[in-house]
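As you go down the protein sequences, you meet chains A and B in turn.
Take 1 as the starting number for the first sequence in the numbering used here and just add one per residue.
Take 1 as the starting number for the second sequence in the numbering used here and just add one per residue.
Since the hints were made in silico from the structure, they are not lab data.
In this text, all values refer to a predicted model and were calculated from it rather than measured experimentally.
Don't be surprised by glycine CBs; every beta carbon is placed ideally from N, CA and C.
Be a bit skeptical, because a hint or two may be false.
Taking beta-carbon pairs under 10 Å as the criterion, some of the chain A residues facing chain B (in silico) [said to hold, decoys possible]:
#1 I76
#2 H77
#3 Y78
#4 F79
#5 V107
#6 D135
#7 T268
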Amino acid sequence: MPDQLIFAMEVTLNGLLNGVMYALVALGFVLIFKASGIFNYAQGVMALFAAMTLVGIQQGRVPFGHLINEIFGTDIHYFGWEVPALAAILLTALVMIGFAILAQQFVFRHLVGQEPIILFMATIGLAYFLEGVSDLMWGSEIRNLDVGIPQGINDSIDAVTFDLFGYGFFIDNLDVTAAIVAAILVGGLIAFAQYTKQGRAMRAVADDHQAALSVGIKLDYVWVLVWSLAGIVALVAGIMWGSKSGVQFSLSLIALKALPVLMLGGFTSIPGAIIGGLIIGVGEALFEFAIGPMIGGATENWFAYVLALVFLVFRPQGLFGEKIIERV
Amino acid sequence: MFYREAGDFKTSYADDSQTFPIAFDRYRYYFVLAVGLGIIPFVITDYWASAILIPFLIYAIAAIGLNILTGYCGQVSLGTGGFMAVGAYTSYKLMTAFPWMDMVTITLLSGAMTAMVGVMFGLPSLRIKGFYLAVATLAAQFFLVWLFNKVPWFYNYSASGQITAPERLLFGHAVTGPNAEAWVKYLFCFAFVFVLAWVARNLTRGAIGRQWMAIRDMDIAAEIIGVNPLRAKLSAFAVSSFYVGIAGALLFTVYLGAVEVGEAYGIQKSFLVLFMIIIGGLGSLFGSFAGAAFMVLLPVALKVLLVDTMGWDTALATHFQFVIVGGLIMFFLIVEPHGLARLWSLAKEKLRLWPFPH
Numbered sequence: 001m002p003d004q005l006i007f008a009m010e011v012t013l014n015g016l017l018n019g020v021m022y023a024l025v026a027l028g029f030v031l032i033f034k035a036s037g038i039f040n041y042a043q044g045v046m047a048l049f050a051a052m053t054l055v056g057i058q059q060g061r062v063p064f065g066h067l068i069n070e071i072f073g074t075d076i077h078y079f080g081w082e083v084p085a086l087a088a089i090l091l092t093a094l095v096m097i098g099f100a101i102l103a104q105q106f107v108f109r110h111l112v113g114q115e116p117i118i119l120f121m122a123t124i125g126l127a128y129f130l131e132g133v134s135d136l137m138w139g140s141e142i143r144n145l146d147v148g149i150p151q152g153i154n155d156s157i158d159a160v161t162f163d164l165f166g167y168g169f170f171i172d173n174l175d176v177t178a179a180i181v182a183a184i185l186v187g188g189l190i191a192f193a194q195y196t197k198q199g200r201a202m203r204a205v206a207d208d209h210q211a212a213l214s215v216g217i218k219l220d221y222v223w224v225l226v227w228s229l230a231g232i233v234a235l236v237a238g239i240m241w242g243s244k245s246g247v248q249f250s251l252s253l254i255a256l257k258a259l260p261v262l263m264l265g266g267f268t269s270i271p272g273a274i275i276g277g278l279i280i281g282v283g284e285a286l287f288e289f290a291i292g293p294m295i296g297g298a299t300e301n302w303f304a305y306v307l308a309l310v311f312l313v314f315r316p317q318g319l320f321g322e323k324i325i326e327r328v
Numbered sequence: 001m002f003y004r005e006a007g008d009f010k011t012s013y014a015d016d017s018q019t020f021p022i023a024f025d026r027y028r029y030y031f032v033l034a035v036g037l038g039i040i041p042f043v044i045t046d047y048w049a050s051a052i053l054i055p056f057l058i059y060a061i062a063a064i065g066l067n068i069l070t071g072y073c074g075q076v077s078l079g080t081g082g083f084m085a086v087g088a089y090t091s092y093k094l095m096t097a098f099p100w101m102d103m104v105t106i107t108l109l110s111g112a113m114t115a116m117v118g119v120m121f122g123l124p125s126l127r128i129k130g131f132y133l134a135v136a137t138l139a140a141q142f143f144l145v146w147l148f149n150k151v152p153w154f155y156n157y158s159a160s161g162q163i164t165a166p167e168r169l170l171f172g173h174a175v176t177g178p179n180a181e182a183w184v185k186y187l188f189c190f191a192f193v194f195v196l197a198w199v200a201r202n203l204t205r206g207a208i209g210r211q212w213m214a215i216r217d218m219d220i221a222a223e224i225i226g227v228n229p230l231r232a233k234l235s236a237f238a239v240s241s242f243y244v245g246i247a248g249a250l251l252f253t254v255y256l257g258a259v260e261v262g263e264a265y266g267i268q269k270s271f272l273v274l275f276m277i278i279i280g281g282l283g284s285l286f287g288s289f290a291g292a293a294f295m296v297l298l299p300v301a302l303k304v305l306l307v308d309t310m311g312w313d314t315a316l317a318t319h320f321q322f323v324i325v326g327g328l329i330m331f332f333l334i335v336e337p338h339g340l341a342r343l344w345s346l347a348k349e350k351l352r353l354w355p356f357p358h
């Protein structure tokens with residue numbers, strides 16, 4: 001087999017795994033959009049906040065330490081204990097649920113019935129707010145996140161591909177873990193939506209707010225539930241991205257990367273988010289591999305958006321989105 | 001008492017359709033012009049010019065531009081930063097290629113170039129709507145910034161990848177470059193703001209502006225009553241990009257002087273201008289000014305308050321700024337989705353009836 005083809009296969013495989021990471025973020029968007037029609041720009045910042053909180057709890061940092069020190073002239077940074085990874089993840093999940101309740105109580109309750117674009121802008125505001133709070137709480141330095149996920153080259157894939165092609169593929173263990181976690185997460189979410197009472201309420205609200213309200217479903221409750229789920233998805237995405245490249249500001253920018261994924265997959269479809277993520281991941285990797293060197297590289301900055309733009313011109317509702325029907 | 005139509009008789013059609021039908025508004029407008037032209041240029045200092053006045057004027061142009069597209073025509077754009085970069089790089093190329101060309105022509109040509117690019121990226125708006133379009137404009141943002149970073153021709157093969165504005169004179173005074181004086185730069189920007197705001201005001205209340213608003217309110221219904229969506233949407237993109245391009249060009253030539261594209265025209269700039277028009281008020285010229293003033297003054301005010309007065313760390317003040325800006329945006333959207341402009345017009349309504357409550 002020619003070398004170029006084998007390289008292309010490796011690039012594709014890596015692109016697929018990268019796509020899974022995008023899909024993880026996109027998933028949170030879809031959950032909220034389906035249930036409340038809110039296009040949640042803050043999803044990326046939620047991932048950042050969750051990862052920051054996780055690191056903070058793990059290392060026993062004092063929340064708002066900088067601020068307290070600055071105001072009272074003290075010098076406190078650590079509580080002096082370390083929390084095991086699993087307990088820290090659970091505590092962070094609780095924080096994200098608290099955040100969901102606050103966001104619903106103070107912001108989105110008051111915006112029910114507003115135009116989608118107003119809601120979108122409100123989530124941009126929320127994103128800024130949360131980013132500032134995250135910086136104030138935990139500081140803005142880059143942090144290392146380590147919850148015990150294996151990293152580095154996956155030896156078994158390396159060995160298998162070496163036997164097959166005479167060339168070992170470089171696949172990161174972390175990416176493989178992310179793919180497995182994403183699969184479990186999606187399976188769990190679908191099962192939750194299909195087989196539990198809360199899941200059914202969630203689907204009813206997604207279908208028609210008013211009808212759901214009239215059969216006695218508490219909208220407030222369902223929305224808090226959905227925001228909590230999105231917060232937990234953000235936590236998972238934050239853990240994965242944070243272990244990969246450190247917890248830092250740029251983590252919140254993956255939200256922007258998730259947008260073309262959503263546009264490809266359709267805003268309302270969970271499988272769409274996954275497949276859209278895979279398409280973007282592979283397309284981006286292959287484009288950079290094949291065309292990138294000719295035009296100066298770093299094409300992954302914009303390729304996803306242009307792909308989504310071109311795609312949308314032909315199919316405005318995305319691959320799996322519901323058909324757009326407009327009435328005057 | 002003084003804010004009334006009463007006693008202000010209109011005796012001709014021209015009187016009847018003037019921009020400020022109420023005498024008090026008119027005098028206020030002349031007053032602002034008089035202060036802007038007659039007093040500020042004589043008392044301006046470098047600090048005031050570079051910290052507040054010039055960024056305010058430049059961002060006001062950008063905000064008017066985005067407001068035409070988003071507030072009047074209802075097409076949300078997150079590509080403002082990219083379009084500003086087009087204006088900046090066009091003016092840079094023109095300044096270096098044609099050293100004899102005067103700054104007014106260069107700035108206008110930069111706007112025209114940006115308008116063409118804007119129309120190109122506006123074409124998908126005929127098929128894509130709402131935030132699908134907002135995301136599509138991100139393609140413009142990231143692609144343009146990447147382009148200006150990667151193609152050396154745009155920055156004249158300079159080693160640093162930066163562009164630096166050479167010195168250019170206008171009527172014998174330096175407008176750009178390190179030797180330009182504060183009052184020259186101020187007046188140059190002021191002239192652009194004055195003319196562009198005047199044009200925008202008259203465009204938005206004329207036939208084309210009504211078409212934009214019809215498209216914004218409901219595009220299918222507008223199409224049925226005979227508005228051509230192709231023309232309306234693309235003209236909104238063209239006019240809006242023209243303004244944004246001029247703002248980008250001025251930001252580079254007059255204000256910053258040297259620019260690294262990802263830093264000065266990144267996605268943050270798109271959001272900054274978007275926040276200006278949300279806080280100021282969508283679909284309002286006054287709102288564009290109010291929003292620009294607010295977003296320019298807020299960081300300065302916070303810095304003076306937290307860093308200079310209370311002696312806090314600069315980084316901490318920046319974080320606070322995020323919290324406050326985010327909080328204010330949510331607050332405004334909940335309390336008054338139409339922004340400062342609506343608050344202003346409510347105040348005027350009250351003033352009209354004053355001293356009677358109803």
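Given hint Y78 of chain A near chain B, where the shortest CB pair must fall under 10 Å: Hint violated; Y78 of chain A Cβ to chain B Cβ min 19 Å, cut 10 Å.
Satisfaction of the H77 of chain A interface hint, Cβ to chain B closer than 10 Å: For H77 of chain A, the interface hint is violated, since the closest Cβ of chain B sits about 15 Å away, which is over 10 Å.
Chain B contact restraint for D135 of chain A - C-beta distance below 10 Å: Where the cut-off is 10 Å and the nearest Cβ of chain B is about 4 Å from D135 of chain A, the hint holds.
Agreement of hint V107 of chain A with chain B interface, Cβ distance less than 10 Å: 5 Å, holds
Status of the hint placing I76 of chain A at chain B (closest C-beta pair under 10 Å): 15 Å, violated
Interface hint outcome for T268 of chain A [beta carbon to chain B under 10 Å]: 13 Å, violated
Hint validity - F79 of chain A Cβ closer than 10 Å to any chain B Cβ: This hint is violated: F79 of chain A lies away from chain B, its Cβ roughly 21 Å from the closest one there, beyond 10 Å.
Going down the numbered hints, you'll see the structure goes against 1, 2, 3, 4, 7, while the others check out.
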